[in-house]
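S.K.: Spelled out from the first residue to the last, the chains are:
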Amino acid sequence: MIFTISLYLALGICVAGILFRTQRWVTLRIGPETDTLTVGARITAATGQTIRALVSRRVFKLIGIFITDVLLQLNILHQSFWRWIMHICLFYGMILLILMHALDDPLTRTFFPDYESTLNPFLWLRDLFGLMVLAGAGIAMIRRVAGHRLRQMTRAMDTFTLFFIGMVIVSGMMLEAVQIVSEPIFNEMVDEYLDEDDEEILAPLRAYWASQYGVVFENPVDTDDPAVLAEGYETHDEYCISCHSRPVSAFMSYPVARFIRPVARRFNRIRMDTWLWYIHFLSAFAALAWLPFGKFFHLIATPVNLLICGSRTTDTVSPAQLANRRALGLDACTHCGICSLHCKVAPIQLLIDNITILPSEKLAGFARHVRHRHGSEAEAALLAEGSFICTDCGRCTEVCPSGIDLKDIWQASKQDLRRQGFTEAHHWIMKKPAHEWAHLASERSVASGPSFKKTFPAIHLTDRPETFRGCIQCTICTTVCPVVEAADDPARELDLTPQQIMNLLRLQMADDALGARMVWNCVTCYMCQEHCPQGVRVADVLYELRNIAYRRFYPDTVHHLDSQSISHRPKEEAPEAAP
Amino acid sequence: MKYVYFPGCKIPAWLPAYDRATRGIFKALGIDLVDSEFNCCGYPVRHQHLEASLLSSARVLALADQIGAPLMTPCQCCYGNLRHAQYWLGENRVLRRRVNAILRKENLRWKPGIRVRHLLQVLKEDLGLAAVATAVVHPQKDIRVAAHYGCHALRPANIVGFDDPQAPTIFEDLIAVTGATAVDWPLRLNCCGAPLWEKNRVISTRLMQKKIEDADQAGADMICTACTYCQHQFDQVRLETLPHAPPIPAVLYPQLLGLALGIAPAGLGMNENRIQWTPTEGGTP
Ligand code: SF4
Ligand code: SF4
Ligand code: SF4
Ligand code: SF4
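Protein chains in written order, with this note's numbering: chain A, 28 to 606; chain B, 314 to 598.
I should point out that these hints are in silico values taken from the structure, not numbers from a laboratory.
Derived DMTMM-like pairs: lysine to aspartate or glutamate, alpha-carbon spacing no greater than 25 Å straight-line: (1) 523/B to 557/A; (2) 434/A to 585/B; (3) 523/B to 515/A; (4) 418/B to 380/A; (5) 434/A to 332/B; (6) 523/B to 485/B; (7) 458/A to 516/A.
Listing some non-contacts, in silico: residues in chain B with all C-beta distances to chain A over 12 Å: (8) 446; (9) 452; (10) 455; (11) 553; (12) 560; (13) 584.
We treat Cβ as the ideally placed atom computed from N, Cα and C, and that holds for glycine.
Model the full structure from these sequences, guided by the hints.
M.R.: Okay, structure coming up:
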């Protein structure tokens, strides 16, 4: 009863969840190109694409991808052997357990009419598959604990998923062990198949089962008399053997059964097997219900993504297809972390303490962001910081074993963040005049950006008098500056000239320069520094001023700047570059 | 001769023609390039966090050192940043200690003396103009070329050590070797505007426009670049933002030299340049 109710409940949740998640593939909007697309157009594009792929020659290509990437998972093998072993164990262990064991009645029995869960090869296969899953989970755990980078990326979701898998498998193994030693189950079977109360027959059978099958009886059974055992075997041969292989074949649970012998009688009395049975099937059903909502969902999304992106041909992708692909990509991530291990800006994350610099974390953060599930705008500002550090090098796309077109997603996500007001510093700094930044800076004398480690920079020029001591205010730096030259009215367009900035710094008024547009519009050509007759490091100093502004203001202040320009509705104009 | 090849972040994904042309000429000149997996040189993040930027460069340098050959990059911004890292790591003990403490976790170490070369330096100084000249089979006669130096390789000279910052000649010399003529143009050492592209498009475009007009007035047939960002600016960005500027195409130096070495235009990615160069009678292709 509980079994049936919970099964259908779990199935219901699972199906509803899958529908909920898959509808996002055609409804989530990522990137400006997707703003005007209707859901109808996107569904049409998706179905059209599927039908075209299935009726054309491309279907062979799809089959090929299915074999290499979904079944053999060569894309993972390509990355790392141990990772592949881990995933193959988890994947096939789970799939085969589901097919052979969980679906034994509708499936296994259809193909193998003689199927009995207690009969070989099914008995030992079940333990073999269980072992595979445990081994896979074990390797995954070790990798995540031992690898510094992976450990840093491991989230509650990853741990929870492994825990869930472990729970189902371990409870199953325990259950099998407890069933092996169970006297009550022995008695039930006898009642059902022998229907016999003659002690003359039952006692030898008990002796035989105690000695050969590991059942532990409440009243001690003498297993030493060969004659009695032989007698027991006769009954066994007649009634039991056709359905029961010896439990030693269950090479995982049998040792457990041996191990629990000392407490087996107590277990039998409290019907431990029933308890474990509940735990086992309830945890399995909970996993089923949870499938669409957690990491397990990649079981569905990743193969779909591999097939869609892998079948990428030279045909141009329509905006609707692109929109679907991006939304699907967010779900297809298994959070394996491979992209982050290869990310070209990963070393930067060692000094800028913002985990969303790493692509796997950025993708997860962005997925939360587009689902409007961000805790705060400060979190979104951090995501923007991480996103804009990415150099669009495309390396992550090359290595992602799930075939996600990350490069495309990054471009779209950056545009979305920008038009929601989460911009690069060069843009948000323009939202306030220099004197307001100076005021803000005077209130916060130390680094305040949450992503900055609080160590003092090793290189610091602006706070050293010797940096400017030589400056004779000759204005050569200003004269050679192409940005000053390009401005129609430098005082209005740039606030300060390079020479004026050097003067302010000489007077220890660095705060007044932090928001000056000259600082942020410097094209870093180093003309000034090269030409300065006094060897003042003008351009390096401007770099440092920008560094200081980041340390003090970014990103926690960004979202306070102009609350109206910041919202989660990606409907506004992109902020244009300042004049 | 052997170099560790550092293409940076942008070339593989955004300017594959530069990669193809570079490999093409190096093969023709008998110089080996060793490929390896690198991180970003850190140039883009320098605005934000100098130390993170220098750490990135230091890691690249330490990896190159492990391979055991000088490093060669075709990108002038990468070159500049790598040289800045060498300079600051050599100057600043605190920085060196911090950086090496981080690198040590990967069994890497930055040490002074790792050679960083830009593509142009390899050709002119390491290989030598004479050696390049003997390999030229198809001189690009009658082409007038405006050599665009690129800021980050040239300045500040005390850090980057590329050439004389006021009167450099390396690029003109290398153009002469191909048989083409280097024109004299007043703004040759100025910035192309690329570093401000994502930040302030108005100023960025203005700087670029000035240079294009200047090259045009000097009678150049093409602007020749030796940097990922400059080429992107003068080619793709220029096409999108300044459709009415003088139609001078931008050509990567290894593309020009490649033609002189007799490599087919397709092998140099010439067809990927957005503004196609249609040579006058004297030149190929
Ligand atoms: S594209 Fe961005 S996230 Fe991906 S590897 Fe390159 S820098 Fe890292
Ligand atoms: S984006 Fe790809 S490589 Fe990165 S964690 Fe997700 S599945 Fe792995
Ligand atoms: S920094 Fe140098 S060039 Fe600029 S005003 Fe001072 S001395 Fe002159
Ligand atoms: S580095 Fe900046 S301040 Fe100096 S000349 Fe160039 S644009 Fe002007």
